[in-house]
Every structure is written in structure tokens, then in C-alpha cells.
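Participant: Each chain, letter by letter, is given below.
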Amino acid sequence: MANSKIVMGIDDIPMWASIDRHRLELQTCDDCGAIRYPPAPVCPKCLSEKATWTAVSGEGTIISWVVFHRKYFDDHPPPYNSTAVELDEGPIIVTQLQGDEPEGSWIGKRVRLGYAEHAGRTQHFARLIATPAGQA
Amino acid sequence: MARPASAYIAGAYELPMRLYPDKSLAELQAEAMLGALADAGLERSDIDGFFCGPDAPGTGPLSIADYLNLKLRHVDTTNTSGSSYTIHVAHAAQAIAAGKCDVALITLAGRPRSEGRAKGALARTDNPQQPDFQWEHPFGLAVINVYGMTAMRHMHQYGTTSEQLAWVKVAASHHAQHNPYALFRDLVTVEEVANSPLVCDPLHRLDCCVVTDGGGALLVVRPEIARNLKRPLVRLIGSAEAPKGQNGGEFDITVSGAAQSGPAALAEAGVTGADIRYASLYDSFTITVLMQLEDLGFCAKGQGGAFVADGGLISGVGRLAVNTDGGGLCNNHPANRGGMTKVIEAVRQLRGEAHPAVQVPNLDLALVNAIGGQLAVRHASATLVLERE
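Read top to bottom, the protein sequences are chains S and F.
Going by numbering that gives the first Met the number 0, the final residue of the first sequence carries number 135, and the count climbs one at a time with no gaps.
Going by numbering that gives the first Met the number 0, the final residue of the second sequence carries number 388, and the count climbs one at a time with no gaps.
A couple of the hints might just be wrong.
To be verified - Pairwise CB distance ranges (calculated):
{"#": "1", "chain 1": "F", "residue 1": "Pro179", "chain 2": "S", "residue 2": "Ile128", "range": "49 to 59 Å"}
{"#": "2", "chain 1": "F", "residue 1": "Pro53", "chain 2": "S", "residue 2": "Arg120", "range": "23 to 33 Å"}
{"#": "3", "chain 1": "F", "residue 1": "Thr188", "chain 2": "S", "residue 2": "Ala129", "range": "49 to 59 Å"}
{"#": "4", "chain 1": "F", "residue 1": "Ser113", "chain 2": "S", "residue 2": "Ile9", "range": "30 to 40 Å"}
{"#": "5", "chain 1": "S", "residue 1": "Ala39", "chain 2": "F", "residue 2": "Pro53", "range": "22 to 32 Å"}
In case anyone wonders, no lab produced these hints; they're calculated from the structure.
Fair warning: this is a prediction, and the values are worked out from it, not measured in the lab.
Quick reminder that beta carbons are idealized off the backbone N, C-alpha and C, glycines included.
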């Protein structure tokens, strides 16, 4: 077993640099305006090669999650969660929920991205946005 | 539109063992071929088309075709993970209709159990150049998580329960008890499934398919050839394939490619889901079966839990007999790829050669569906409609 690691592709370098700066950026198509994920050299909607890395709001809604009870990596001792968040800008990203966990279903809960050191790199994570009624 | 001239599955063979510590992959490929040839009553020299997946060692089809000493005029190594071999049946029929070959051999063989490779439980490290893994890998993901996320959202959206999912495994165990070759032959209860250890909440150990060595082979042949053989005639009358991805980041994880491939294959066959009494559905995990039942139209979206509950998939009990060999959940999941065994059991059912305890009486129509890859984010659904003439 070993640590999980970043697999750095050419198209991913600006993304990881943005995470190092604690502000996640995704590519916005200069021609049709679509914000895409995963990073890619062309727009999946209009095939334009022109795009600008744009900071996202960092807020979104949990669309699903799982909790791993088996160990796959040294740096992810179970139990640990994997959480899919639909960003307010549209794309669905995978991250981990840290801090308080909702009672019952996590789906529909509002979260905000944060950043933390993990195994020698900076990663994003999600934290519940506190609301007065405790509801998203 | 007139139904296109189609091909027949004349030979089907499943390697009998579930552990092969002392046989090479090449030897297993050869045994699978020989089994299918004997089943069909054909000779190796009849084969002029070869279809295989990346489980065949070597460059594409080249090493194994040479090792088997095949004389070929058509090859196809389409790889959509576990659904590859289901797609190969359709591609073989298309090649035959186009005059590119007469007798197509499709093979699968693997030794993940001997080699300690449990794909669903492996961390995702497939290929660092793959453009869609990089952002997920650092978060400690394994293949099972996309199936788990689909199950979790299905539960949230439709009220599906772990107990309902468990019924898929319970039905498989009811069938597997009659299969002397099945890896697991013991009956299990809903409680045993739902109380088995969590692997990836909400999926438990008994929601996951088995890891087995083995494989199998199919022979898809031109109609004139099939009619001169002594075996019952099983004809492909409809097929479709549907890759599904992330659509640039906007997608619904509770809909599979079967929503596209199912209706297309049924329309080509000129039948509806209501005509189908037996289906082989890829059961990589219990949730995979639920998704296919809904997306193929056997029940409304969200009603899969109610459909499978109380023995809904048990032959002779439920409305639809599913995976009467015990499926991937109890019987066999050779090479971590289930698309081959799904076709083989459908052929057994249409020939009337399934175990008498699970044989669907007077069956003349069967559906096969496989979901290869990773449900929710990147997979290919393949649907076949088969008819007994």
C-alpha cells in the first residue's frame, strides 16, 4: 500500500496551482461560456480551444456521497468519505467532507470548499455551510 | 424498416472452474475456444473472425490469434470493460451481415483470483495519462465508489433501501444453489446481506460480485451455417450500445446508458420489455441490476426496489427471472468482466439447457444487458435481444 498521489497532466497544472493559492479555478470557454470539468484542452460543448481559468465561488450542493470502510491508501485510513458536489457554476466535482456531518442524508446540503495540506500537497475539501435552522 | 439479416449464437461455453492457479491465460483462452467449438459442433478451421478484450495477453488479438493458430479475415478488440463481450456479439453479427466473416469466435479469460486482483476494490490507478482520473485520485477513490454514490442518491431520491438491494443478491443465491460450478452456493437472507460488513457505505460486502478466475467463449455464425448444426437456434434480433460519460461535468448519476441502449435494441427486435421473461443483467453490484431494470423499462424510474423485493427476480417466483446461473454475485465474474457469462446463461435459457430448477418454461425471447466501466461517470451499456427459433 502507498499514499494516493496527484497525477499531473498538462491540462491540470493550472488547476493544482489554483488550489495551492486556495482558490479553485476551472476553465471557462471563451466562446460559449461553458464552465467545464474535468480540465480539457477543448470545450466539450463547442470544441473551442480558447478558455480562461476562472475562480469558482467555492459553494455548491452535495449530490451524493459514500463512506469507505476498506483501506486503499496509507493516507486515507478508513472510515473516510468521498463526496460529490455540484458547484453553483454547474460542474460536479469530487472532494471530501470535513468537520460536521449532516444527520441522515447528506444530499442537498450546502457546502463551501476549503483547502488543507494533505500528504505533502494542498487539496480542497468541503465543509457544511451553517444555516440557522441547520437546514440547507 | 425490415429487421436486418442477423446472426446466430451457435456455441457457448463457460470454463468450469473458479480458480486456475496452474494454468496460463493463453491456455484458458484455448480451453474456452475448444469448449465453444465442441458445443457448436464446429472446427477451429471454420473460425474466420476473432473478437477479444484486453484480457487476451499480447497486442490486441495478435498473440492469442497466433497461439490458437487461427486463420482470420476479421478482428475486433473493442474494449468497454465488462460489457466488451456483449458488444462483441453485436459487432460479430454486423461483420457477418457485411460479409466480413462467417464464424466469429469471442473469448474471455482471466485469473484475478489467483493474481490477487479485485478490480472493484482496487484504488483507481489505471493510467496516469487518462484525462478524467487526475482530479479524483487524490481523494482516495476506488471503483466501487461510483456505484456507491449512485446507490446513495437512488436511496435519497426514491426511498430505495439496503434491504431492497439485498434482494438482488438473495435471488442470485436462490439460483446459485442449483449451479454446481458456482463459487457461492449457499442461500443468503436479506438480513445477512444488509448486515454484512460495509465496504463502501451504502454497499456491503454481499452487495459486491465475486472475484473469480475463468472465462468462456462464444461462436457467432452466419444463418446458413447455424441451420446446418445440431444445436437449438438462438438468433440475435436486436442490439445497441451506449457509452455514457460526464457531459462536461453536468450529468445525472441515477441514469445509466441502458436508458439509451435498451429501447434501441428492443425497437430493433420489434418487442417490448413486457415480452421478456428472462434477462441476464450485469450484476457487478446489486445497484447495477436495479439501475438496468429501470433504465431498460422493466419498471418505472425509482421503482426498482419494489420490483426486486420479495423474490421479484427469482425464477418461478417473480415477474422476471434474472441471472439464473447465480450471476456475478454468486456464480462467476471471470477476469473481473461479466459480459461474457451473461450471454452464456441467456443462451442456456433459450436452448432449454438451464438447470431444471431455474429454467424458464417455453422461453423464446431473452434480453442481455451489460454495464462495463464505472456506473455514473464513465461506462458503456450493451443490450442484446435474443430469440429461440
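Participant: Take the hints in turn and mark each one as holding or not.
Facilitator: Cross-check of the supplied hints:
1. Pro179/F / Ile128/S: 49 to 59 Å: holds, 57 Å
2. Pro53/F / Arg120/S: 23 to 33 Å: holds, 32 Å
3. Thr188/F / Ala129/S: 49 to 59 Å: violated, 42 Å
4. Ser113/F / Ile9/S: 30 to 40 Å: holds, 38 Å
5. Ala39/S / Pro53/F: 22 to 32 Å: holds, 25 Å
The structure shown violates just one earlier hint, number 3.
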